[in-house]
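Chains as they are written, first to last, in our numbering: chain Y, 1 to 532; chain R, 533 to 1064.
Calculated from the structure, these hints are not laboratory results. Given the structure is predicted, the values throughout are model-derived calculations rather than measurements. By construction, the Cβ of each residue, glycine as well, lies at the ideal position given by its N, Cα and C atoms. There may be inaccurate statements among the hints.
Here are the computed lysine-lysine pairs in the DSSO-like style, where the Cα-Cα straight-line distance is at most 30 Å [as the list claims (entries may be wrong)]:
hint: 1; chain 1: R; residue 1: K692; chain 2: Y; residue 2: K258
hint: 2; chain 1: Y; residue 1: K406; chain 2: Y; residue 2: K461
hint: 3; chain 1: R; residue 1: K938; chain 2: Y; residue 2: K74
Calculated from the model, a selection of chain Y residues having no Cβ within reach of chain R, i.e. all distances over 10 Å [what the hints assert, rightly or not]:
hint: 4; residue: G59
hint: 5; residue: S65
hint: 6; residue: L71
hint: 7; residue: G175
hint: 8; residue: T306
hint: 9; residue: E309
hint: 10; residue: E353
hint: 11; residue: G381
hint: 12; residue: E433
hint: 13; residue: G481
Per label pair, the in silico range of CB-to-CB distance [what the hints assert, rightly or not]:
hint: 14; chain 1: Y; residue 1: R164; chain 2: R; residue 2: A907; range: 32 to 40 Å
hint: 15; chain 1: Y; residue 1: G381; chain 2: R; residue 2: E602; range: 27 to 35 Å
hint: 16; chain 1: Y; residue 1: Q283; chain 2: R; residue 2: R696; range: 25 to 33 Å
hint: 17; chain 1: Y; residue 1: I66; chain 2: R; residue 2: R1064; range: 53 to 61 Å
hint: 18; chain 1: Y; residue 1: G381; chain 2: R; residue 2: Q815; range: 22 to 30 Å
hint: 19; chain 1: R; residue 1: Q779; chain 2: Y; residue 2: G129; range: 52 to 60 Å
hint: 20; chain 1: R; residue 1: K606; chain 2: Y; residue 2: T53; range: 51 to 59 Å
hint: 21; chain 1: R; residue 1: Q815; chain 2: Y; residue 2: E70; range: 33 to 41 Å
hint: 22; chain 1: R; residue 1: Q779; chain 2: Y; residue 2: E309; range: 42 to 50 Å
hint: 23; chain 1: Y; residue 1: Q283; chain 2: R; residue 2: T915; range: 26 to 34 Å
hint: 24; chain 1: Y; residue 1: Q283; chain 2: R; residue 2: Q779; range: 20 to 28 Å
hint: 25; chain 1: R; residue 1: M961; chain 2: Y; residue 2: P58; range: 55 to 63 Å
hint: 26; chain 1: R; residue 1: A687; chain 2: Y; residue 2: S146; range: 18 to 26 Å
There are 2 protein chains.
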Amino acid sequence: MLAHDATAPTVFGKRRNRYFIGSMTVTITGELFIGGTRVRGTGGTLQARNASTGDILPGEFSAASISELELAVKHADEAFYAFREIDLQRRAHLLDAIAENILELGDELVTRCMAETGLPQGRIEGERGRTVAQLRMFADVVRQKSFLNVRVETAQPDRKPSPRPDLRLRNVPLGPVAVFGASNFPLAFSVAGGDTASALAAGCPVIVKAHSAHLGTSELVGQAVQKAITELGLPLGLFALLSGSGQVVGEALVAHEKVRAVGFTGSRRGGTALMKIAAAKRQPSPVFAEMSSINPVLLFPRALETNGEAIGGAFANALTLGCGQFCTNPGLVIAIEGAALERFIASAAASIEQFPPTPMLTSSILESYREGGEALASQKGVTRVTASCSVEAGRASAHLFRTTAKSFLANPALHAEVFGPTSLIVAAMDWSEVETVIASLEGQLTVALHIEGEDQELAAKMLPQLECLAGRILVNGFGTGVEVGAAMVHGGPYPATSDGRSTSVGSLAIERFLRPVCYQDLPAALLPPELR
Amino acid sequence: MLAHDATAPTVFGKRRNRYFIGSMTVTITGELFIGGTRVRGTGGTLQARNASTGDILPGEFSAASISELELAVKHADEAFYAFREIDLQRRAHLLDAIAENILELGDELVTRCMAETGLPQGRIEGERGRTVAQLRMFADVVRQKSFLNVRVETAQPDRKPSPRPDLRLRNVPLGPVAVFGASNFPLAFSVAGGDTASALAAGCPVIVKAHSAHLGTSELVGQAVQKAITELGLPLGLFALLSGSGQVVGEALVAHEKVRAVGFTGSRRGGTALMKIAAAKRQPSPVFAEMSSINPVLLFPRALETNGEAIGGAFANALTLGCGQFCTNPGLVIAIEGAALERFIASAAASIEQFPPTPMLTSSILESYREGGEALASQKGVTRVTASCSVEAGRASAHLFRTTAKSFLANPALHAEVFGPTSLIVAAMDWSEVETVIASLEGQLTVALHIEGEDQELAAKMLPQLECLAGRILVNGFGTGVEVGAAMVHGGPYPATSDGRSTSVGSLAIERFLRPVCYQDLPAALLPPELR
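Turn these sequences into a full structure, and let the hints steer you where they fit.
Structure below.
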């Protein structure tokens, strides 16, 4: 059932008959994908582990050396020019074909992904559906062509005082894009996730730095991508998949002068490091990093009074969903102190304590979660609402802490994200203090308002401030469950993202990888087809 | 005829009947504009000089201290929230009213601007027309509302497996914007120029750092802006005008945490310094700097052969227009060596030698021009085509240098911009060497192709490479004379600009100052009017 020889490099285009993704078992070889070829990386070896048990999973993974990285970028740069000339229908086909090939990986992908991430089957299958839907959405975006932003102003030779030239504008792709697989979305924000789909849709080749926590998943999806490129006869350098450490392979990729943009979802430390590297290049390149957000939840007085217990239960569900490993996890709740808030807290705590200890995505995420919880617990003015340990026997428990607005305002440490199922409740003396807390926050992906009746008036007054705070404002819900569509913004002011003018989810994400070019007085034959 | 007392601060809103801009003489006081008030800066004094004679011009200009800068930003931040709530019709009125008030400044503005810049009357009047047209274009952009990028996806409560929420998106303004007056466009890229117009159109208050070379012009235009704000009853902090050095006032402005974006046209050194400052902020902010471009001109073989002399004459005109002080000045010509190129050179040189020595915008620009010319002349493999001095008796002469592709490729110093009427001709052995020269270039604002007949085929092959090189590609013309419209791109890869995904000229410039926000499940009453 082995589709190819694990010891020799395999050229997809030449040996495609040896590939069978559909119902066949696809074997994980641990090789890199470079320019349509599978090669064994010479930058060392890596192991994949079962996130729940810590056991080593099958696959001898190889890390890319700098020379392999150079080769991948060289192929991507060559493919960039070739890909630009290929019509948009074929570009759309590519995205659809990748989606199809991911589905054809079938259970093997789901099983491997579950093992590598500790996430349950339903979540992985749901995420696969989302990944496929994202690819198809971008195929539609490509077919609709509005991303090209075509603008035509024809010549006015008789205009006074001077004639107007013929001016036509369209968007063009930036060039090769480095995509970093995210730990928490092994499919939807990894090898063929939102960043890859939007970059390919824009016309940019993609070089993926595989996340070390799901190497096998990455390789399987890599095969789906490569197969689509090969079968459609597209430039083989369009896609590369490199494994290795973020500090070595990741940073070298971002630093490469021919890498023209970066898509990253991960830690604030990682994202800001990449921003610095990209800014220091001979030709600085944009970094679209989605990094850090505590996603404040505002409980307005009337909603808290009439509905606090129900909101508490819903909040606990949102907090523990996926073991709290979402960028939009509600890490902060702000409300006025009093009996109604206590009822909310009691209700939330009761639900949260029911949450069974659960494996996290990686042992280092679990360790950071433990440290984050302990750090929070040790801060002045912070008390625990729920039981005493964040981590027991290699699994994460959910936790709730509380503090006062005064303590929160005095201590920046309380503003930091604890990635996982932990949240901090901030009790203010009055609404004006709630507003002061809001004003003290850094940029966020989401802000959620719970309102009822007359709360609406208070909420209306705050909207301008909230628009400056976050990329998405939502009412009577929580930020988890990010819809993929034309009106979504998954972005927000720094440090939520590196560039608050962008989104990494939804069709608008394609704009990150485009720039406008104006064509003046070009003869029709020289104009790009869509400008003629 | 003095409209106000030069010694006491004047509050526009309170004493508006003392202002008469139309046919009245408006006196230059040297005060700053902060929050609707005129105040004398306490950061030192500045003088305005006649660019042609070096004589001191009337006006005792005051520089802003850091406390005055703080005050201006505080007012701008307050005005930001108020301005957002004001409907788009009034925002459009503001832009139209500024245009009207600039025209009403009449001859005094033209006379002062001519004195401060050394530019001739026709140029200043033309630039005034362009400035007014720009403001009116952005008024139209505001009225048309498409800059809001409204996207609505209504709820689908019955969708399986999960309901779709109601999602609505619009663009919102970033916040206070710092605008740097450009030396070479004292009206069109200064106090009420393209950056200011697009920022106000986006909904952002503007704090202008006046260019020290046209302080009186800046103050006059500042009065036109402030009068419009006052008369329309708009938030007085919407506009501030600060004088002072770039290193002190300019850098402090960019470093201010409440300044959310920067519009800058100037030197590469200045622009990259601002990029670094903005990137190091607690919340980094985008800098849109238009910096450095040599705007290569490619003479294709057939065009050169059949039309070289005429192109040479047209090139000389473009090079010397405005004494070469345009960002799109043709500073580099690339062609295959031979008799046809010699005819082009002879024709260009004959025209260029007719160009009379002309004052430049400032004495420091003149000095840089002299140094740049001398540096170029001293490089290995570079020879002068025209006479021997760039600068004589305080005026600039136009110059042409030549070199070989080999020398050009070997020496990065030959790639640097010499701001002024100087250009370098690079003679290649064959077309493949022309392409190598192109590949060696940094990002550009424009690239101009001169083609005829069969050249078109060769040009078509090069287009993908040229699209990666520049923001505007033009045929059988030169980049000078930047049309203001919907299809213009005045931008390009670094170092042409800090962000090649943007343009500073044309209606698309508004996008620099916007970011998207998504509203999820908001009751209609809470939604912004355009999303209901």
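Hint by hint, here is what the structure shows:
Of the pairs offered as hints, the one joining K692 (chain R) and K258 (chain Y) is violated, with about 43 Å between alpha carbons and a cut-off of 30 Å exceeded. Annotation: proposed proximity of K406 (chain Y) to K461 (chain Y) holds, straight-line Cα distance about 23 Å (limit 30 Å). Only pairs whose Cα atoms come within 30 Å are accepted, and K938 (chain R) paired with K74 (chain Y) is accepted, the gap being roughly 25 Å. The beta carbon of G59 (chain Y) sits about 32 Å from the closest Cβ of chain R, which is more than 10 Å, so the claim that it is off the interface holds.
Once the 10 Å rule is applied to beta carbons, S65 (chain Y) is consistent with being away from chain R; the minimum gap is 27 Å. With a least CB separation of 20 Å from chain R, L71 (chain Y) remains clear of the 10 Å interface cut-off, as annotated. Distance check for G175 (chain Y) against chain R: the nearest CB is about 7 Å away, which does not clear 10 Å, and the non-interface claim fails. Non-interface status of T306 (chain Y) relative to chain R is upheld: no Cβ of that chain comes within 10 Å, the nearest being about 16 Å off.
No Cβ of chain R approaches the Cβ of E309 (chain Y) within 10 Å, the least distance being about 21 Å, so the stated non-interface status holds. In this structure E353 (chain Y) is separated from chain R by more than 10 Å, as the shortest Cβ-Cβ distance comes to about 26 Å. Every C-beta of chain R lies more than 10 Å from that of G381 (chain Y), the closest at about 24 Å, which supports listing it as non-interface. Distance check for E433 (chain Y) against chain R: the nearest CB is about 19 Å away, which clears 10 Å, and the non-interface claim stands.
Its beta-carbon lying about 7 Å from the closest one in chain R, G481 (chain Y) breaks the requirement of being farther than 10 Å from that chain. The hint said 32 to 40 Å for the Cβ distance between R164 (chain Y) and A907 (chain R), and at roughly 38 Å that hint holds. Evaluation of the 27 to 35 Å hint for G381 (chain Y) and E602 (chain R) yields a pass: the beta carbon distance comes to about 32 Å. The hinted window of 25 to 33 Å between Q283 (chain Y) and R696 (chain R) is violated, with their beta carbons roughly 41 Å apart.
Take I66 (chain Y) and R1064 (chain R): their Cβ atoms lie about 55 Å apart, and the range 53 to 61 Å holds. Between G381 (chain Y) and Q815 (chain R) the beta carbon distance is about 26 Å. The supplied range of 22 to 30 Å therefore holds. For the pair Q779 (chain R) and G129 (chain Y), the beta carbons lie near 56 Å from each other, so the given range of 52 to 60 Å is met. Distance hint check: the CB atoms of K606 (chain R) and T53 (chain Y) are about 57 Å apart, consistent with the given range 51 to 59 Å.
Look at Q815 (chain R) against E70 (chain Y): about 35 Å separates their beta carbons, and that is inside 33 to 41 Å. Separation of Q779 (chain R) from E309 (chain Y) is about 59 Å and departs from the stated range, judged on CB atoms against 42 to 50 Å. For the pair Q283 (chain Y) and T915 (chain R), the beta carbons lie near 31 Å from each other, so the given range of 26 to 34 Å is met. Remark: the range hint 20 to 28 Å for Q283 (chain Y) to Q779 (chain R) is upheld by a beta-carbon distance near 26 Å.
A C-beta distance of roughly 58 Å is found between M961 (chain R) and P58 (chain Y), which places it inside the suggested range of 55 to 63 Å. In this structure, A687 (chain R) and S146 (chain Y) meet the distance hint of 18 to 26 Å, their C-beta atoms being roughly 24 Å apart.
Checked against the numbered hints given earlier, the structure breaks hints 1, 7, 13, 16 and 22 and satisfies all the rest.
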